[in-house]
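J.: Each chain, letter by letter, is given below.
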Amino acid sequence: MSAVVLVREGCYQDSARLMQVGREIAALPGVVEAVAMMGTGANRRLLYDAGFAGAALDRATPMDMVVALRAEDDAALGRAREALDRALAGTGPAGVEATSERRPATVAEAIAADPATNLVSVAVPGPYAAFVAHRALDAGRSVFLFSDNVPLEDEVALKRRARDLGLLVMGPDCGTAILSGTGLGFANRVDRGPVGIVGASGTGIQELCCILDREGVGVSHAIGVGSRDLSEVVGGAMSESGLALLAADPATRCVALVAKHPAAAVAERLHGLLARLGKPAVVRYLGEPARPSADGVLYAGSLDEAAELLSASVRGGGMARSDDRATVRMKVGRPSRDTEQRLVGLFGGGSLAAEARCVLAARGVETTSPGERLGPGAPLPPGHLVVDTGDDAYTVGRPHPMVDQTGRCDLILSAGSDPTVTVLLLDLVLGDGAHPDPAPELVRAVEDARAARDGRALAVVVSVCGSRRDPQGTGRQERLFQDAGFLVEPTAARAADAAAALLLGIRKEVVR
Amino acid sequence: MTAGTVRSLLDGPLRLVHLGLPAVAQAAAAAGARVTHVDFLPPAGGDPRRLSDLSELLSGPSARAVDAANARALARLLASRPHLVAVAVARDVIPGMADDLFLHAGPPVTWERMCGPLRGAVVGGLLYEGRASTAEEAARLAAAGAVRFDPCHHHDAVGPMAGLVTPSMPVFVLEDRAGERAGTRTYCTLNEGLGKVLRYGAFSDEVLARLAFMRDTLGPVLAAALERHGPVDLKHLMAQALQMGDEGHNRNRAATSLLFRELAPSIVRATEDREKAARVLEFVNGNDHFFLNLSMPMGKCMLKAAEGEPLSSLVTVMARNGADFGIQLASMPGRWFTGPAQQVRGLYFPGFTEADANPDIGDSAITETAGIGGFAMAAAPAIVQFVGGTAADALATTRAMGRITAGTNPGFAIPALGFSGTPTGIDLRLVEETNLLPAINTGIAHREPGVGQVGAGLVNPPREAFHAALAALAEHVRTAAADPAEPARAPARTDP
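Going line by line, the protein sequences match chains B and W.
Basically this note's numbering = 1-based index in the first sequence + 217.
Mapping the second sequence onto this note's numbering, position 457 (from 1) lands on 440, and the numbers just tick up by one.
To be clear, the hints were calculated from the coordinates, so they are not data collected in a lab.
The reader is advised that the hints may include incorrect statements.
Selected chain B positions facing chain W (in silico; Cβ < 7 Å) [as the list claims (entries may be wrong)]: (1) Tyr229; (2) Ala330; (3) Val337; (4) Ser338; (5) Ala340; (6) Val341; (7) Phe348; (8) His351; (9) Gly400; (10) Ala404.
Stretch by stretch, here's where chain B covers chain W in the computed footprint (C-beta under 8 Å, at least three residues) [what the hints assert, rightly or not]: (11) 41 to 54; (12) 406 to 418.
Just so you know, even glycine gets a beta-carbon here, dropped at the ideal spot from N, CA and C.
Taking the hints into account, I'd like the entire structure generated from these sequences.
T.: Structural data, given as structure tokens:
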């Protein structure tokens, strides 16, 4: 067995391509493991820690592609080299030669090529994202900043500058936006309509859009602001800008704010802004019970309820909520003390996991999220679990579970095979950017798990976040689940509700 | 509604520029939005420190001041009007020239670190000046410090290849006749021709005999002819040559011909001895590169007009001594930022290979710095074979240089590019942002002294020089911002 580092100089690749190349090489016979990354300082430290070494690795720069692999013999190593060469065929040394025509290589060049550009969308690795976003602001253009791992101080500086310039910086870590009917990042194909959304949670925005879509209510704009916008340091800078834009937007008749864990001072300031907005406003702070509504600003207890309130408003019925309305459709059950009857939730959407936790707690089902990364095949920690498989702990060196479900399917197999687990709670987010046909993989993983249970039943509840026009075919994905005996719900909150009912024995159908 | 405003996002339609993972723009494309994809490369080679310096210079509070400084520097560069005003003896006209001083190409270098061709030229220079009678004696004297060495650039001069200027050599004297910096003078020796020549490190009798002819006949005849003719507008001449297939560095045939035509009557009239006049005309006619030693000081003269702009990121010098490649910025004239001289990629004369080649050498990259040479490659499809390319590659090279320059020179129009001007004013920031290095056309010297030219081709500067300049400029701009009352100081002539 030999640990080898192959370096290809001046060969920058994006993370999706790196993962693809790494996987291709890892799949070769005699190759035990392989990972492809750019030679940044952080990546090289990871490799040193993993036991890789050598002068080539020492010299590698962020412009050089590094493939670290363990091969059983020289033949396997040779195959790995060939596979790398094949994968890179046609990729010349980057940025050195000046002899051929090429696409724009910088923001400024691209804007020169299309001066009517009104938005710069950034999905480059985190360490480069702020630089690029600043260049967009230099050119007087707003930014959709999908990249994560952007330092907090860079976010603060970007948003301060954007505000001074009267521009938007949507992000960093902004998964979703819909502007004038055009989706960005992960987005569902929903009709244009009267509801304007400002959201610090990508899947929160998606779920709200899709619930509204089912009710036939369209969205004017969904302005993503990035997961940290409502933190104390960032101070809700872009939430404020986004709300002000929606207030002035003639296509927007009512406004929703969706976020997770706002800082108290920020929530207070935004409340004031919403109260003076001049348009009906609904707030959903994900993962927590409804706050008391005041000054005409309505705080919903779930995204479902937020959607209901918004629908009522646009249909001219006016909005009202009473705290007893909430989402209570089920009796609260007696908390199960039976350790042989467990619920495990495996989520792709972090905000949806938070919504599920919140509903489960309201039903008396207390869940924990494992402190350490769950490994496939490893024993589960005790108790009911809700896991966000899109968390950083699960996505280092691999794509988000909304794009690549391999990791989540492995966990479904290992949790589902555990005989103490009787209810499995899943979500599925459809739309552009997401996996092109996700249901079959999830069904296969559940069926493999069921096969390992010696006939003991495993109930599966899944929420499907998809619009009527999403490219995967929402109806088809739902039918595939139903055919496999899953209980299909339109939202994570309702799926959690149903899962709690099944766990507590209030509801007994669809158990196979 | 202008493109940039936020309202345009809500009024639609969206027009996107996208960088990074393509899947992120899939939704927008599916909705019918126009998406311009960028071939993203990590700026500044992805180095965190450089990235932060570069971001500060491009997007920070001082960035617009840097832009403005560059605009002023470029405007002065474009307004300058270098004229050939005289031919004189180096010791009489070059500032700071002395009997014990030899000037050389590139950044400062000691005898110990000098490459073969530069040592050869120094030996030749000592023989030519009568300071030694054998090559061995000359080498001993040089090693013992019998003469001092200093870069041409420290004396407003430039020299091709070894760039050796000794006190008794005849030199062209150029003067800026327009703009704010009118009166600025720059200097260059007279071109010896091809083959075994001093600038490539050759010092045989044939070389020395030619240098003697240039001192005794060519120099005085041209001096007299110029006096009779009056100043020659070199920019005007260069502009015509660019439309006749020259790029002003590796091809100077058209400009040489134009100069010959311009000066021939004055040469004849100013010279009593017809044979002497004929020999001078033959010499100029027989040397296609005669004008190189004018296009270079012309470039230097234009670039001197750009110097002294405290916040500017424009490059005003690129020069090599065969060991180091050095650049200077308009904001810090005299301060060198260096990296190792690179190997030239090109075609070799029969019998020579890459193994014979000396690393990149000479001040002639001043032409590219001024927006001609490699930057005007589109004007000279005939020489693109030196870099093994096609005429289309020539156009692409000039266009690519447009990506790292602050503007174009409308005075140097290129027919094949719709008469657009040559890309001019290398912006250090754009070099780092694009990772694209200046393209330099150049000759290749044999690595041993005394052999001469072995080929020609294309070379890039080392990235290290730009990295060092970036760090220094960022520091310089920070200092200026911290103390706006005191203009940023430009430390002079320190070799980092």
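J.: The structure should be examined with respect to each hint, and the outcome stated for every one.
T.: To see whether the hints hold, each was checked on the structure:
1. Because the smallest distance between the Cβ of Tyr229/B and any Cβ of chain W comes to about 5 Å, under 7 Å, the interface hint for this residue holds.
2. A distance limit of 7 Å between C-beta atoms decides the matter here; for Ala330/B the minimum to chain W is near 6 Å, and the interface restraint holds.
3. For Val337/B, the suggested interface contact is upheld, since its CB lies about 5 Å from the closest CB of chain W, less than 7 Å.
4. A least Cβ separation of about 5 Å between Ser338/B and chain W falls short of the 7 Å threshold, and the interface hint therefore holds.
5. Given the 7 Å rule on beta carbons, the hint for Ala340/B holds: about 3 Å separates it from the nearest Cβ of chain W.
6. Residue-level restraint check for Val341/B holds (minimum Cβ-Cβ distance to chain W is 4 Å; threshold 7 Å).
7. For Phe348/B, the interface hint holds, the least distance from its beta-carbon to any beta-carbon of chain W being 5 Å, beneath 7 Å.
8. Here the hint on His351/B is kept, as its CB sits about 4 Å from the closest CB of chain W, short of 7 Å.
9. Because the smallest distance between the Cβ of Gly400/B and any Cβ of chain W comes to about 3 Å, under 7 Å, the interface hint for this residue holds.
10. A distance limit of 7 Å between C-beta atoms decides the matter here; for Ala404/B the minimum to chain W is near 4 Å, and the interface restraint holds.
11. Under a criterion of three residues with beta carbons nearer than 8 Å to beta carbons of chain B, the stated coverage of the stretch 41 to 54 of chain W is upheld, 3 such residues being counted.
12. Counting residues of the stretch 406 to 418 of chain W whose C-beta lies closer than 8 Å to any C-beta of chain B gives 3; at least three are required, and the coverage claim holds.
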